[in-house]
Amino acid sequence: MNGMGLVDPSPALGARPESFEDFYREQHESMLRLAYLLTHSRPVAEDLVQDSFLRIQPRWEELDAPTAYLRRTVANACYSYHRRRRREDALPVEPPGVDQPEHDEMWDALDRLDPRRRAVLVLRYYLDLSEADIAETLGCRRGTVKSLSHRALADLRRILDR
Amino acid sequence: MTDDELIDQLVQTLRLEASAVTSPPDAWERFAGLGTVVPFRPVRVRRARLALTAGAVGAAAALIVAVLVVRSAGRSPTHVASPGAPPASSAAGSSGGTGSSGGTGSSGGTGPLTAAAPAPTAQAGATADGPGPVGGPVPAGFGASSVTFVSLGTGWVLGTAPCAAPPCTSVLRTRDGGRSWAGVPAPPTDRVSGLRFATALDGWAYGPELWSTHDGGAHWSRVTLPGSGAGSPVVALVAAAGGAEAVTAWTGGQPVLWASPVGSDVWAPAPWVGVEGLAAAPGATARLVEQGRGGWLTDGVRVGAAGARLQAGSWVPWTPPCGARGTPQLAASSASDLVVVCGLDAGAGQQGKQVAFSADGGTTFQDRGTAPLGGILEGVASPSPSVVVIAAAGGASVLYGSFDAGRTWTTVYRDPGGAPWRDLGFTSPTRGVAIEGTALLQTLDGGHTWTPVTFTAGVSGR
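Protein chains in written order, with my numbering: chain A, 24 to 185; chain B, 53 to 514.
None of these hints come from the bench; they were simulated from the model. It should be emphasised that the depicted structure is a prediction, and the values quoted were computed from it without experimental measurement. Treat the hints with caution; some may be incorrect.
[Said to hold, decoys possible] Label-pair distances were calculated between CB atoms; the ranges are: (1) A:88 <-> B:468: 45 to 51 Å; (2) A:88 <-> B:404: 51 to 57 Å; (3) B:364 <-> A:48: 38 to 44 Å; (4) B:318 <-> A:40: 40 to 46 Å; (5) A:134 <-> B:278: 53 to 59 Å.
Beta carbons: idealized from backbone N, C-alpha and C, even for Gly.
Construct the entire structure; sequences and hints are all you get.
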């Protein structure tokens with residue numbers, strides 16, 4: 024055949040996907056995972072990620088770093104979601120589910136963190152982003168990243184020790 | 053626990069949880085508006101005011117039944133691990149008779165919109181452009197009457213624009229969630245007022261006539277329902293990836309509910325028994341809500357009227373919770389989560405609105421008090437079990453929102469104009485639309501704020 028199965032799926036560093044569809048297919052899963060870690064809800068994560076792609080689509084060709092921009096858009100969308108949800112009397116988005124898998128106590132503890140503090144932990148310890156990249160993603164200064172991270176770990180410890 | 057141990061545990065948990073999340077195989081297709089998508093079927097309510105025109109009277113006068121249809125399928129099967137919060141669709145009201153041609157009529161103008169070069173390019177490979185005709189300009193003075201979306205990005209609006217030679221029916225399409233719009237071919241008739249697409253290719257314009265397209269709107273064909281003749285206007289229609297259903301005005305013993313596969317127009321009476329109680333209601337406005345294997349039918353005019361419920365494939369008698377208190381409007385956010393708003397005594401631009409929730413598909417209800425009094429109840433939408441938006445119009449056009457399952461209400465939109473509402477519904481937990489008069493409104497934040505959409509052409513309007 025034509026060897027299509029042999030195409031290297033991982034584009035070279037800095038390479039730009041040729042079409043928005045390629046970009047979408049390449050980034051969707053990692054963005055979905057990020058949004059899930061930030062919201063703890065699969066349906067909400069899917070919705071916010073679709074919405075973020077929609078926002079970025081009209082101008083993605085003009086962006087120097089579309090992936091970083093998309094990540095920032097997703098992080099922002101998750102943060103806005105938490106602010107809205109707080110207004111909504113903190114009702115669970117998902118009813119106690121039949122298919123809800125078991126989560127460990129660390130996962131539950133994360134859910135109780137302030138959204139920005141949780142975001143710093145996810146960006147640092149899941150995505151391994153540098154402080155500079157975290158600051159850019161969250162739209163804050165590097166010093167703020169440091170202190171958010173410090174407080175987030177302290178919060179986690181307090182919740183888990185309880 | 054040391055810091056390192058804490059971080060180790062944190063990293064493990066994050067990796068484990070993330071690894072359970074994978075892209076659905078059809079993620080891009082749903083994004084691009086192809087195939088099985090988050091279905092959006094807002095609904096129309098048509099009041100049967102014209103049913104009683106003197107000329108049509110006869111002892112056996114046809115019961116013109118206006119029907120509200122809501123249908124929201126669950127997520128696609130490939131969509132794992134989403135037990136809650138399915139995207140819901142919902143209902144909206146519209147005034148106007150079932151026999152009217154929809155819209156406010158049109159004056160002057162230049163003939164129906166026909167977009168340049170309607171190339172029926174059903175491109176198999178989903179480009180950002182997607183299938184369907186090439187878009188043309190947005191006609192000046194366009195006013196909307198109906199809206200439908202098949203994905204977060206792709207949707208259509210039916211309406212009219214001033215033209216020299218009627219019919220002046222126009223259709224606009226967006227592929228970027230409403231940011232930009234393009235004119236596309238419209239059915240050559242002014243006797244359609246509602247529009248529903250099931251996929252990016254298959255759509256129907258209806259009310260009272262029925263027209264269909266299976267090439268994304270490049271070409272439209274007139275559809276005649278077998279045996280229903282010209283005297284049975286289509287008053288409601290739902291379209292989902294799994295099939296389309298149409299409701300004709302209720303005449304004598306004729307079937308009112310028709311079903312067809314999506315990709316063609318093979319219409320046949322849907323399984324439909326045991327609703328005689330409703331058929332006996334003169335001048336009734338019935339409302340039908342369907343969802344997956346469940347369904348609910350109510351008489352929307354008579355206080356305390358009977359209802360029916362679709363269970364295990366057939367309709368059985370069912371009593372909506374309004375009892376003798378009022379007439380129901382329904383919205384469903386899942387197969388089992390139902391919100392019923394009972395319109396109580398109306399008068400002077402006010403109406404009591406009793407709200408009840410069911411988590412078992414309508415067997416039992418929890419009363420949740422009343423929504424604000426202002427305005428006559430015209431529509432209900434519920435994207436998730438805790439969120440309800442009610443459309444009301446009287447002295448003003450108002451949307452009320454409750455984000456705590458009906459415990460508290462806020463006015464999320466208010467326009468002193470007082471135009472009627474139609475097609476209120478959600479395409480996702482955060483995105484929703486409604487038509488107020490001839491304007492399209494949109495929410496991007498789950499119903500908290502609603503803003504008018506301007507039909508601007510754009511580079512990505514296509």
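Here's how the hints hold up against the structure:
1. A:88 <-> B:468: 45 to 51 Å: Distance hint for residue 88 of chain A, residue 468 of chain B holds at roughly 46 Å.
2. A:88 <-> B:404: 51 to 57 Å: holds (55 Å)
3. B:364 <-> A:48: 38 to 44 Å: holds (41 Å)
4. B:318 <-> A:40: 40 to 46 Å: Check passed, 41 Å falls within 40 to 46 Å.
5. A:134 <-> B:278: 53 to 59 Å: holds (55 Å)
Comparing the model with each earlier hint shows no violations; every hint is respected.
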